[in-house]
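Once you've looked at the hints, dock chain R against the given chain V.
Line order of the protein sequences matches chains V and R.
Here this note's numbering is used: the first residue of the first sequence is 1, the next is one more, and so on.
Here this note's numbering is used: the first residue of the second sequence is 1, the next is one more, and so on.
Honestly, the hints are just simulated from the structure, not real lab data.
In this text, all values refer to a predicted model and were calculated from it rather than measured experimentally.
Among the hints, erroneous ones may be present.
Repeated chains share a single entry, so a pair holds when one copy, or any two copies, can fit it.
Said to hold, decoys possible - In silico lysine to aspartate or glutamate, EDC-like type, Cα no more than 16 Å apart, as pairs:
| # | residue 1 | residue 2 |
| --- | --- | --- |
| 1 | K291 | D138 |
| 2 | K67 | E125 |
| 3 | K174 | D211 |
| 4 | K170 | E229 |
| 5 | K291 | E252 |
| 6 | K291 | D110 |
2 protein chains.
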Amino acid sequence: MISRFPNLFLRPSMISRFPNLFLKYRGAAVRNHRFHHRPLSPPLALTMPDFRPPEHQVAGHRASANKLGPLIDGSGLFYKPLQAGDRGEHELAFYEAFSTHAAVPARIRDTFFPRFHGTRLLPTESRPGEPHPHLVLDDLLAGLEAPCVVDIKIGAITWPPSSPTPYVAKCLAKDRGTTSVLLGFRVSGVRVVGPGGTVWRTERPEVKALDTAGVRRVLRRYVSSVADEGMDCALATAVYGGKGGVLSQLRELKAWFEEQTLFHFYSASILLGYDASAVAASGGEGGVRVKLVDFAHVAEGDGVIDHNFLGGLCSLIKFISDIVPEIPETQPLGPS
Amino acid sequence: MISRFPNLFLRPSMISRFPNLFLKYRGAAVRNHRFHHRPLSPPLALTMPDFRPPEHQVAGHRASANKLGPLIDGSGLFYKPLQAGDRGEHELAFYEAFSTHAAVPARIRDTFFPRFHGTRLLPTESRPGEPHPHLVLDDLLAGLEAPCVVDIKIGAITWPPSSPTPYVAKCLAKDRGTTSVLLGFRVSGVRVVGPGGTVWRTERPEVKALDTAGVRRVLRRYVSSVADEGMDCALATAVYGGKGGVLSQLRELKAWFEEQTLFHFYSASILLGYDASAVAASGGEGGVRVKLVDFAHVAEGDGVIDHNFLGGLCSLIKFISDIVPEIPETQPLGPS
Chain V
1 MISRFPNLFL
11 RPSMISRFPN
21 LFLKYRGAAV
31 RNHRFHHRPL
41 SPPLALTMPD
51 FRPPEHQVAG
61 HRASANKLGP
71 LIDGSGLFYK
81 PLQAGDRGEH
91 ELAFYEAFST
101 HAAVPARIRD
111 TFFPRFHGTR
121 LLPTESRPGE
131 PHPHLVLDDL
141 LAGLEAPCVV
151 DIKIGAITWP
161 PSSPTPYVAK
171 CLAKDRGTTS
181 VLLGFRVSGV
191 RVVGPGGTVW
201 RTERPEVKAL
211 DTAGVRRVLR
221 RYVSSVADEG
231 MDCALATAVY
241 GGKGGVLSQL
251 RELKAWFEEQ
261 TLFHFYSASI
271 LLGYDASAVA
281 ASGGEGGVRV
291 KLVDFAHVAE
301 GDGVIDHNFL
311 GGLCSLIKFI
321 SDIVPEIPET
331 QPLGPS
Chain R
1 MISRFPNLFL
11 RPSMISRFPN
21 LFLKYRGAAV
31 RNHRFHHRPL
41 SPPLALTMPD
51 FRPPEHQVAG
61 HRASANKLGP
71 LIDGSGLFYK
81 PLQAGDRGEH
91 ELAFYEAFST
101 HAAVPARIRD
111 TFFPRFHGTR
121 LLPTESRPGE
131 PHPHLVLDDL
141 LAGLEAPCVV
151 DIKIGAITWP
161 PSSPTPYVAK
171 CLAKDRGTTS
181 VLLGFRVSGV
191 RVVGPGGTVW
201 RTERPEVKAL
211 DTAGVRRVLR
221 RYVSSVADEG
231 MDCALATAVY
241 GGKGGVLSQL
251 RELKAWFEEQ
261 TLFHFYSASI
271 LLGYDASAVA
281 ASGGEGGVRV
291 KLVDFAHVAE
301 GDGVIDHNFL
311 GGLCSLIKFI
321 SDIVPEIPET
331 QPLGPS
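So here's chain V without its partners, still in its complex pose (with noise of 0.2 Å):
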């Protein structure tokens, strides 16, 4: 159990590039919570519920014989397991100062950011006695039965500012090898449900070549409803456009990261995701949500606004706003 993550267990402190973080936001129960992964409750490890990878993933591992990757559990449950090194403590720690930072407004936390539930040691199929801790997150697409998802990390600069030179000038050469410096993120994967179920989706090193004209091509195939290449943009007012539409989700997360100054979420994405089955049926409203995730690199705003994430997030709005026709907001009603 501790080969595989010496440093959750073994190490007397937390130890991360922003000490301040668990200081200022995490209280002594909460420091100490790894030591406390809750074990597979009695029933849960007697039935063994159904684990097993989510065919909507799109980027990161896939849980796999031999890899570890992020589980579902058919309940609504996502599981992703911590990763090595810093990176899985920091991700954990970010869940619990955020979920119950009181600067955090409920409306953001709930809209646009997965639910955490805790930790849980899950058993690896590679090593059957070493259980492996896991974030215990919603499921971002549950209920959804046609999930069409795209993942698009936000950004110019991927790197924490206190990131060591060898760390910087590795992620500064992904940054400028793909799309992220020229235009303030780049995607990661896609997945889209076309008619009768035909399934289109990115393998990785397409989506890592893409260009601009590749990501405009990409975000609009997203809301295309076709079997094949071809792009129609059918769902585009339906997806992107309206009311609880992709762009006034992104508007309001927008005037958010204007004010916010309690973190800095470096390398981490935006997951765009629709049902392409309710889309088809109702014509309107298809279950379209918006979520921040990974927080393996998220740094403290220490009083600074997220600058870096706020510009890819107006450039991210602007590529989206050029596939579908501006629809004017309607007055809100009120006294007159």
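Chain R only, in chain V's frame:
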């Protein structure tokens, strides 16, 4: 005349990191512009007006007997020597493209940019036989009796994405060594005129060493009416707040940056200016000016917003709005 500026005069075609900038926006006449610097007109050459380094210069090379630097002539014009190598050509090309670009709103051009009056060859003290080409621009602080100015370089990234790796490494070291990466901007220089005409200004080593707290201090000192290091922020409401104040102008600029995809302003600065005498006299309007300057590293936007400048601008807005208590905007009067 050739030795100091070989590129400008010898090369058969403009060479630039961003050749499209020239191809798209510059007509044939403009492309040949470099062969047609207006020499001093005879009356000017005869009378030789009082060219002198501007007292209010706070960043960049200062003109002296041995060094080229900007000059003013007392008639409201500002002469900026073309920088060596590609930079000078590039800044000239930007001014020519920008000043005639049909997609730039006149209000934005007139409010936030120095007016461009072409180029002029001026004799230099150090090499009397070698006149040097200068950009002729509006002196942004002309007419202010007691000009107070702060120069703020905007953007966490100060290098155009297509820059060669060694240049990126050099810029990145500066950007990480100053507040650029952390805050999305850095202060390059400040000059404040206090009661009785006392001048407080930052020295270069001091300004380079500013951290987040130092930036907050300088932005407070800039609107303080004191004769020493003290800070009373007495002018914060007059200069930063209110209609026509810095915040209001920065927000108008921000709205343009959320939409404009023509130019990316790497390593450009926002210059804030006001007249300490006018503010003291009227208690209100103080000739507040918000201007962009330094365009040697502008890149073409190619349909993408300048998320890097926009993010830094939003961060600056937040810093300044933390200093002046927000004055609620009045509802615009319209037909009921």
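Verification of the hints:
With identical chains, the CA atoms of K291 and D138 are at most 16 Å apart within one copy only, with a shortest distance of 11 Å there and 47 Å across copies. In this assembly of identical chains, K67 and E125 lie within 16 Å of each other by CA distance solely inside one copy; the values are 9 Å within and 71 Å between copies. For a Cα distance limit of 16 Å, the shortest separation of K174 from D211 inside one copy, 13 Å, qualifies, whereas the shortest one across copies, 28 Å, does not. Within a single copy, K170 and E229 get their C-alpha atoms no closer than 33 Å, and across copies no closer than 43 Å, so neither meets the 16 Å cut-off.
Proximity of K291 and E252 under a CA criterion of 16 Å is satisfied intra-copy only: 12 Å inside one chain copy versus 30 Å between copies. Taking the shortest alpha-carbon separations for K291 and D110, only the intra-copy value of 10 Å comes in at or below 16 Å, while the best inter-copy value is 41 Å.
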